[in-house]
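These two chains come separately, so use the hints to put the complex back together.
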Amino acid sequence: MITVNGLEHHIPETLYETKLSTWLREDLALTGTKIACDIGVCGSCTVLIDGEAKRSCKLYLKDVLGTQITTIEGIAGEDGTLHPLQQAFIDAGAIQCGFCTPGMVLSALALLMINHHPTRSEIRQALKGNICRCTGYQQIIDAVEMAAKHMYP
Amino acid sequence: MPLIKLELEELPALYDPEAALQPDAPLINEEHGSNICNYHCVRTGDITEGEEDADLVIERSFNTSRVEHAYLEPECGLAHFRPDGVMEVIGSMQHPFSTRRFVASTLSLSLKDVEVKTVPMGGGFGGKDDTAALVCARAALCAYLVKRPVKLVYSREMSMRESYKRHPYTMQYRMGLKRDGHITFVKVRMVADGGAYCSVTPWVTWRSTVQCCGCYMVPNVHCDVYGVYTNNVFTGAFRGFGSPQVNFAIEQLVEIAAQELGMDELDFRRLNMVKQGSTTITNQVLDTHTVSLQEVMDKVLSEIDYETKRKNCSYGDPAMDKWYGIGLAISYRGMSLGAEGTDFNSAIVNVQPDGSVLIETGVHENGQGSESAMILIAAEELGLDVKRIRYRMPSTSNIPDGGTTVASRGTLLGGGATTNACRILKGIISEVLEKQYGKKASSFVDGNILDENGELICAWEEAIRLCYNKQVYPYAFGVFQAPRVSWDEETGHGDAYFTWVYAAQAVELEVDAKTGNVKLLNIVAAHDVGKAINPELVKGQFYGGMAMGAGYGLLEEVPLKAGTPIPTNYHQYRVFRATDLPEMTAIIVENPDPTSPSKAKGIGEPTLEITAPAIANAIYRATGARYYDQPIKVRRPRP
Ligand code: FES
Ligand code: FES
Numbered sequence: 001m002i003t004v005n006g007l008e009h010h011i012p013e014t015l016y017e018t019k020l021s022t023w024l025r026e027d028l029a030l031t032g033t034k035i036a037c038d039i040g041v042c043g044s045c046t047v048l049i050d051g052e053a054k055r056s057c058k059l060y061l062k063d064v065l066g067t068q069i070t071t072i073e074g075i076a077g078e079d080g081t082l083h084p085l086q087q088a089f090i091d092a093g094a095i096q097c098g099f100c101t102p103g104m105v106l107s108a109l110a111l112l113m114i115n116h117h118p119t120r121s122e123i124r125q126a127l128k129g130n131i132c133r134c135t136g137y138q139q140i141i142d143a144v145e146m147a148a149k150h151m152y153p
Numbered sequence: 001m002p003l004i005k006l007e008l009e010e011l012p013a014l015y016d017p018e019a020a021l022q023p024d025a026p027l028i029n030e031e032h033g034s035n036i037c038n039y040h041c042v043r044t045g046d047i048t049e050g051e052e053d054a055d056l057v058i059e060r061s062f063n064t065s066r067v068e069h070a071y072l073e074p075e076c077g078l079a080h081f082r083p084d085g086v087m088e089v090i091g092s093m094q095h096p097f098s099t100r101r102f103v104a105s106t107l108s109l110s111l112k113d114v115e116v117k118t119v120p121m122g123g124g125f126g127g128k129d130d131t132a133a134l135v136c137a138r139a140a141l142c143a144y145l146v147k148r149p150v151k152l153v154y155s156r157e158m159s160m161r162e163s164y165k166r167h168p169y170t171m172q173y174r175m176g177l178k179r180d181g182h183i184t185f186v187k188v189r190m191v192a193d194g195g196a197y198c199s200v201t202p203w204v205t206w207r208s209t210v211q212c213c214g215c216y217m218v219p220n221v222h223c224d225v226y227g228v229y230t231n232n233v234f235t236g237a238f239r240g241f242g243s244p245q246v247n248f249a250i251e252q253l254v255e256i257a258a259q260e261l262g263m264d265e266l267d268f269r270r271l272n273m274v275k276q277g278s279t280t281i282t283n284q285v286l287d288t289h290t291v292s293l294q295e296v297m298d299k300v301l302s303e304i305d306y307e308t309k310r311k312n313c314s315y316g317d318p319a320m321d322k323w324y325g326i327g328l329a330i331s332y333r334g335m336s337l338g339a340e341g342t343d344f345n346s347a348i349v350n351v352q353p354d355g356s357v358l359i360e361t362g363v364h365e366n367g368q369g370s371e372s373a374m375i376l377i378a379a380e381e382l383g384l385d386v387k388r389i390r391y392r393m394p395s396t397s398n399i400p401d402g403g404t405t406v407a408s409r410g411t412l413l414g415g416g417a418t419t420n421a422c423r424i425l426k427g428i429i430s431e432v433l434e435k436q437y438g439k440k441a442s443s444f445v446d447g448n449i450l451d452e453n454g455e456l457i458c459a460w461e462e463a464i465r466l467c468y469n470k471q472v473y474p475y476a477f478g479v480f481q482a483p484r485v486s487w488d489e490e491t492g493h494g495d496a497y498f499t500w501v502y503a504a505q506a507v508e509l510e511v512d513a514k515t516g517n518v519k520l521l522n523i524v525a526a527h528d529v530g531k532a533i534n535p536e537l538v539k540g541q542f543y544g545g546m547a548m549g550a551g552y553g554l555l556e557e558v559p560l561k562a563g564t565p566i567p568t569n570y571h572q573y574r575v576f577r578a579t580d581l582p583e584m585t586a587i588i589v590e591n592p593d594p595t596s597p598s599k600a601k602g603i604g605e606p607t608l609e610i611t612a613p614a615i616a617n618a619i620y621r622a623t624g625a626r627y628y629d630q631p632i633k634v635r636r637p638r639p
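The listed protein sequences derive, respectively, from chains A and B. For what it's worth, the working numbering labels the leading residue of the first sequence as 1, then goes sequentially. For what it's worth, the working numbering labels the leading residue of the second sequence as 1, then goes sequentially.
Derived from the structure by calculation, the hints contain no laboratory data. A few of these clues could be false.
Derived BS3-like pairs: lysine-lysine, alpha-carbon spacing no greater than 25 Å straight-line [claimed, not checked]:
#, chain 1, residue 1, chain 2, residue 2
1, B, K151, B, K187
2, B, K519, A, K128
3, A, K58, B, K299
4, A, K128, B, K633
5, A, K19, B, K151
6, B, K151, B, K299
Owing to the predicted nature of the structure, the values given are computational and were not obtained by experimental measurement.
Isolated chain B (complex conformation) (with noise of 0.2 Å):
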């Protein structure tokens, strides 16, 4: 006799974003009482007077795919339930203190019961959060009955299967221009794909919101941005987190523009740019840092040769056999969360008897040097050695939380409180020495402390042997609050991010007029960091980014059957090899950052954004056909 009777009725699945958005589709999350996972939008000025004062208008559309982050190590944990009670766990991933409160929950403990320790990640990419979270938590499960340490460790099959991927985006663009060459007015919808959960949709679109018209000033913008829930996999935070979507639309969209208004595309971009004071869309002044915009982009230009060669591409030439294309992508980029959380962070500095230093922040290494960034700042800033300086990888119990690695933040805001804390450090030491030796401490060079006259005061060895004989610990706790940001949903206007990045990238490449087969011969990038702390480490964003967003525009997509990834592994999820890719040139441009306290901005993400429009339209000047759907698969042009 069953016990338990089971109705079950089959729904019709909703793979289409546009078809989860009709009224009468099926609810996917029923208690979230509609598809509409979030929605925002951008009204500015008038946009029935954009389209009076308009002499032309074009309409386009873009379509982008969802992407795999493919980091090399795939998700791992191991948990240990220690026997004073308290849940030890360590990791593959980005945000220890999300997988903390992960942990904590499924085990119904508080948060001071679960300690989650960091160790270097394999890579992450914004993939990292919340399945490494998960996973972590799984084992801590496993852990807590078993009463033995558990290790999962996730298969690539697994990890393709489970994981979040990249949003992806349709995208209609209307755009009204002048005939000097001014934009009148864009308007837009973008619907982004989250799939069945909702992971960090209505962060990663308010991104795609605020950025909506690339970097360009346009007067009349109506912008509607839709996260919508399928069945499909779901999609989440990936380094670029929703701008390499719309500056692939955007970034054609200007050339188109040009184009049809029979302008150079150099110079409508420069007269629709933002620039030193210019206001952005949302009604942001930006005033209070270098806008670099116009500096990267000519840098990048003279760098390759842009004009000179530009007079090379073959536009589809029926006479030839290979053909030639050079593009051009311009960016800027809001930095760290932005009016998107709450953002701040906080670092410790710990100086031990014999003068050696044990710096400790909120941040998390994901294999980008956010360590040796910490280490060389705090170096800089107490005058010593880096070899005087340990990172301690930080533990959740032992440091408040820090918001997540992620939002290219890691070196601005653990940047900023690691230069906070050795601000009060100094403070501290200086109080010690004027007290001894009546002299006011002025500076901390190469070990040794100095008066306002330049003269010696005394070894840094000395001062911190002084101050534990005094009795005073020379341990400081530095914060870092992201200057205020706002936003208003209703209009979509506020000073959306506190501080920007800009950002140019010009890729060569060449077009197998038979296959269709994309060579790409040369990438140069130039990127505004504010300050360059470790400069080869700089450029490693770089390189990495570039080949990133090269993918992204040429080979990455995760096609589904029935809402599942199909790719299970690298054989058939193909990201690029040595062999794909060209000889890169970084150029790092410095314009130090009023507001942030290292004067160093971020990096990790504005270096992806750009490639894969850059290539876009470097085909088009190869081929002389424009592509809408990334990745870009050049049709076989010739029979």
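Next up, chain A with everything else stripped away, as it sits in the complex (with noise of 0.2 Å):
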């Protein structure tokens, strides 16, 4: 069993060598999860694992069973309201191709959840692992320091 935005998924032994990132992309259509080198080294696949960023073109269905993950289409409010996060990157016009952005946006979170108000630098290196090649960050760590602003005032 995989639980994927709240939703459960049986994994048949057969699936078990499929890389996670393949298997939401294809088998669940959630597209927003994006593949952009394969090997584990640009970000762009960032999903949370049990509240951890994780690259999921580095893991099989095998790795990840029991666990509860969550993509970029399963953050925003139930009435699609945009998760305080994408809202801030929009705001701060952090996003140009938007290719980096939802693994941006997990990192994010995954950084946010442990520490409420976290420096520049931390989120710098928090973001680290996660490439972009349009914006030069910046307004990306301001849009992570907007929404940290909002969600814990």
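Here is the structure:
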């Protein structure tokens, strides 16, 4: 059993050797999980596994049995209201092409869950595993700061 | 019994452009007749006179490397041969119209039988023009043959191996100087490695030719630029397009010149830089827009406190473990394609019966925010809330070819066409209103249409209803044609670009005296953008360009083995991460451009083109050593 965004999925043994990233994108059609390197160095495929940011291209389904997985599709409110982090990314101009954004948002969320008031350099450190080729990171850091203020006033 | 006999003769491969230029070198593309892909020159004034006038002559050579775009989304294409006989393609590409051309010629279809629809793209930076179109054409070929939709997605390894890179340059400069600081001449020879095929080498090198002396006035110029075929991976368009290379050289050269003259490098720049009404080295008079070079430079200097901090530079002081340096670079850049190509674009503004608006342009969303820029331009022009306007992702079957979204021309050209379409639309609506109310519409504000006394004629919705009742479509097609430019290949003279932008950046950094590691501490940039349509996104272009420019200066290169890229993925091709970059400051300077209907100019490329030389100059002030090769690897200064 793997729980993805609150929904339970039964995993037959034949899928054990499937990559988590491939399964999410192709079987569950959760294409917000992006694949840019497929070797675990860029962070685009980041998802939360039991609250921790992990690279789904480096994991096989057999590695994540029994876990709770959150993808970018799973963080908005039920009525579709964006998560404060998502909103902050928009407000801060932190999205250009958007390809890194799902991974960035989830890495940032993992940080904010354990550190409610991170400094800019702590944010940089937490996002070190996520490559963005467009933004120079500045407005991404702004967005995370902005969201932290909003989420944990 | 074999039916075919094949005889192969292996020719020596040519990996060095200088070797490819030798008269007895084997021809790489025989049909071209020469390994010189293209040649450009500038001949201004009299170089011998310049030599005679000079009190001092300096000579330096610079080398730049091949660089990978490393857009995060790899190339992909999805093709579907529709039952109505149209090949429909979507994909990660920068130019739907060149994709359409590639697909049509691959399948021998006419252009009307190929429809390329655009979807937002995961980064391009100039790199998703021809390779991306090819990927789509291959997907289309498969779809055509198997009669099923086909999706083709590149792995990072394929992408890095096949896609074109930035042109590596070698540049030999000779510069003459008067004691009083004036430049008397520049003689320069540049060789660009185009690789095995000709993508856009003639145009990349053309920009380098026009901008070969940087943003300085030089009375005597002798410039030769060669684009050369080699057996290396081919090179093509990349954000900056022939200017990052030149700026890396010239912005160091002017500081070397100032130093040899015993002059302040800022005074040297101020003396020689182009000013309002100056004539460029190609004989273009800069009088159609505000020449704001001095302004952007002063803004950066004061923001970073350059002159105070310059006193703290280490110059390789043996007593110190960490060396501090600050450096500056400035530039001008011709906007859009210039005399490299036809330069026009169109927009459709289509008001729906309920008053909401659909707009569409021939510009493509590369992630730079052109969609929202177009919406903002239309909103301002029509006096409507942005929520009333939707940007319709264009399809090649619905709007004319607007040329590729490159050369920082998206906002300038697409915005120009959008502005013009909105103006035509207002004319149509005004005519209907005048017939109905006998009043002339003079402004469109806050969803209302006012007469010349500022009195309300009617609300926007009312006006649109009236149009439909009167059987008049509130629909307009607007075109923006770039003003005329000119170029003479023989002399290298002409009005190369219809407008220019001006930029300055400064960098503070620290060099570890033991390891040579460079740590960036601060980057400040000021760019004249004409008008910032969407300031947050304009700043995004600043930071993204500066980050990429810093990577160009310190990190990025694609080494080759037998002409093929060695790096296969991000573990070998490193780009800057969040922890490698300092906090950056973006200063938007706005001098509305009269040649641009929306008053805006471009910003995508200028931000990238001077970070590396600013770093080089800062490294000099930190270490006391000049580095002529990009990326800069500080040699371990102390054992
Ligand atoms: S795609 Fe998984 S880390 Fe890059
Ligand atoms: S926004 Fe394009 S990679 Fe981050």
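Hints and how they fare:
1. K151(B) - K187(B): violated (51 Å)
2. K519(B) - K128(A): holds (16 Å)
3. K58(A) - K299(B): violated (47 Å)
4. K128(A) - K633(B): holds (23 Å)
5. K19(A) - K151(B): Holds, at about 20 Å.
6. K151(B) - K299(B): Roughly 49 Å separates the two Cα atoms, so the pair is violated.
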